[in-house]
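Q: For reference, the chains in residue letters:
There are 2 protein chains.
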Amino acid sequence: MVNNKRIVLIGAGNVATHLGLALQAKGCEIVQVYSRTEESASELAEHLQVPYTISLVEVSVDADLYIVAVKDAVLQDVIPSLVKGREDALFVHTAGSIPMDVWKTSARRYGVLYPMQTFSKLRKVDFTSVSFFVEASGCEELVLLKELAMSLSPKVYEANSEQRRYLHLAAVFACNFTNHMYALSASLLEKQGLPFDAMLPLIDETARKVHELPPAQAQTGPAIRRDENVMDKHLAMLLEEPSMKEIYEKISKNIQEL
Amino acid sequence: MVNNKRIVLIGAGNVATHLGLALQAKGCEIVQVYSRTEESASELAEHLQVPYTISLVEVSVDADLYIVAVKDAVLQDVIPSLVKGREDALFVHTAGSIPMDVWKTSARRYGVLYPMQTFSKLRKVDFTSVSFFVEASGCEELVLLKELAMSLSPKVYEANSEQRRYLHLAAVFACNFTNHMYALSASLLEKQGLPFDAMLPLIDETARKVHELPPAQAQTGPAIRRDENVMDKHLAMLLEEPSMKEIYEKISKNIQEL
Chain B
89 MVNNKRIVLI GAGNVATHLG LALQAKGCEI VQVYSRTEES ASELAEHLQV PYTISLVEVS
149 VDADLYIVAV KDAVLQDVIP SLVKGREDAL FVHTAGSIPM DVWKTSARRY GVLYPMQTFS
209 KLRKVDFTSV SFFVEASGCE ELVLLKELAM SLSPKVYEAN SEQRRYLHLA AVFACNFTNH
269 MYALSASLLE KQGLPFDAML PLIDETARKV HELPPAQAQT GPAIRRDENV MDKHLAMLLE
329 EPSMKEIYEK ISKNIQEL
Chain C
89 MVNNKRIVLI GAGNVATHLG LALQAKGCEI VQVYSRTEES ASELAEHLQV PYTISLVEVS
149 VDADLYIVAV KDAVLQDVIP SLVKGREDAL FVHTAGSIPM DVWKTSARRY GVLYPMQTFS
209 KLRKVDFTSV SFFVEASGCE ELVLLKELAM SLSPKVYEAN SEQRRYLHLA AVFACNFTNH
269 MYALSASLLE KQGLPFDAML PLIDETARKV HELPPAQAQT GPAIRRDENV MDKHLAMLLE
329 EPSMKEIYEK ISKNIQEL
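Here the protein sequences come in this chain order: B and C. Per this note's numbering: the first sequence = residues 89 to 346. Per this note's numbering: the second sequence = residues 89 to 346.
Note that these hints are calculated values from the structure, not bench results. It is possible that part of the hints are untrue.
Note that identical chains are pooled: a pair holds if it fits in a single copy or bridges any two copies.
Under the rule of at most 27 Å between Cα atoms (straight-line distance), these lysine-lysine pairs were calculated in the DSSO-like manner [to be verified]:
id, residue 1, residue 2
1, Lys209, Lys333
2, Lys172, Lys341
3, Lys338, Lys159
4, Lys338, Lys192
5, Lys338, Lys172
6, Lys341, Lys321
7, Lys172, Lys333
8, Lys243, Lys279
9, Lys212, Lys279
10, Lys114, Lys333
11, Lys159, Lys333
12, Lys172, Lys212
13, Lys338, Lys321
14, Lys279, Lys234
15, Lys338, Lys234
16, Lys321, Lys159
17, Lys172, Lys114
18, Lys279, Lys338
19, Lys321, Lys93
20, Lys321, Lys192
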């Protein structure tokens, strides 16, 4: 059973916070939080009502599972010191773009637990609608990680490291870049004194549509209609926003190519 | 009351089809459909169980309201022949990007009824969650158009022509370009044999988030974190997709600028 595992969270950012709170709510025992910055460490530790440390040496040595959710650039540096003296434990990271093999030379039992979601500190996450992708060094570890993920969400998939880095790239387009399209839309409306709220029904319908139609079939608008007249007017409206104009041109062209 | 008005639909594309069906369902009398192409005209006419014509001369002369939902480039050509002999009627177009004044030299009573939504032939539209933007030549016409729009949706706003063309441009970003981000995401997943369905929870959450946070505050991902390491890896993965690579670069740069 997963809920008798003793878990240490390495990292105290958005992913560690939301994952930690959700696992604790499911009965898992979070025993400690580590973060390089005292402010983040203490904030999450307080949320979870557990101790924290800002020194890797002081990380508990007798946990069963270490969940590492730190910046990608930091992960490599953390691994050797973290694993040392804790060789029997299971180590996982949560980053979509980092291969499982980063653990290979240090750890014996390791894996990846990648929740493909957009986490903001300010917003509660409903994990029951998060897709999890898991990968592990062995069969026993895979079973445990699947069980852990399935305690949070019914949408648990296996994905190898190669698939996962494409998942992460695909998520950047579907989430981060999509959100930026919303942001550009909001900035245009703001300049005209129009409420962004008026755009929400269209945003919702655009998302709902691709539950039923493949996105390429769901495409509408001047680019796919090849309505040069409208596109020229739009580009003229963006003359004072050269970056937005360039984005408009590139995406429109790419819609027509696809 | 709007539901004793006799309405002619000029155009038989996605907007005319969905709007016509919705108005008829609300008790409005659609008396005729016009389209240049017989196939579209007859298809929509059959849906609505009304007569159709492919000749502007044969368009009914005694309707109260002519709703023109044709391609932007065609609108200007249609107006003079449509208004001639029907000078007492109210004429509206549904295009976000065309100013109301296109009617000025021909018609006496005119306006705009802009449903800001993405219409696909294959998908039913729930008009109760569509934002409508109306504008009219006079007070009486404005009241009638508001009433007509409010029979379909509670979200009815007034917007002048200048505001409306920015609305349309903003909608291209929030809907058409967003959908293209979904399409690029889907193409990446397909190449890895991964189901696009796994991306839907993330797409939904990305849309839900901006109901609570302004998009600029909701932004996550490698660009806003300035995680050059991840971005470099992503760009390397897109080497064989130069258009996608360029889009990745431009949007990431713009996220950092905003």
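Q: Sort out which numbered hints this structure fails and list those numbers smallest first.
A: 1, 2, 4, 5, 7, 9, 10, 12, 15, 17 and 19
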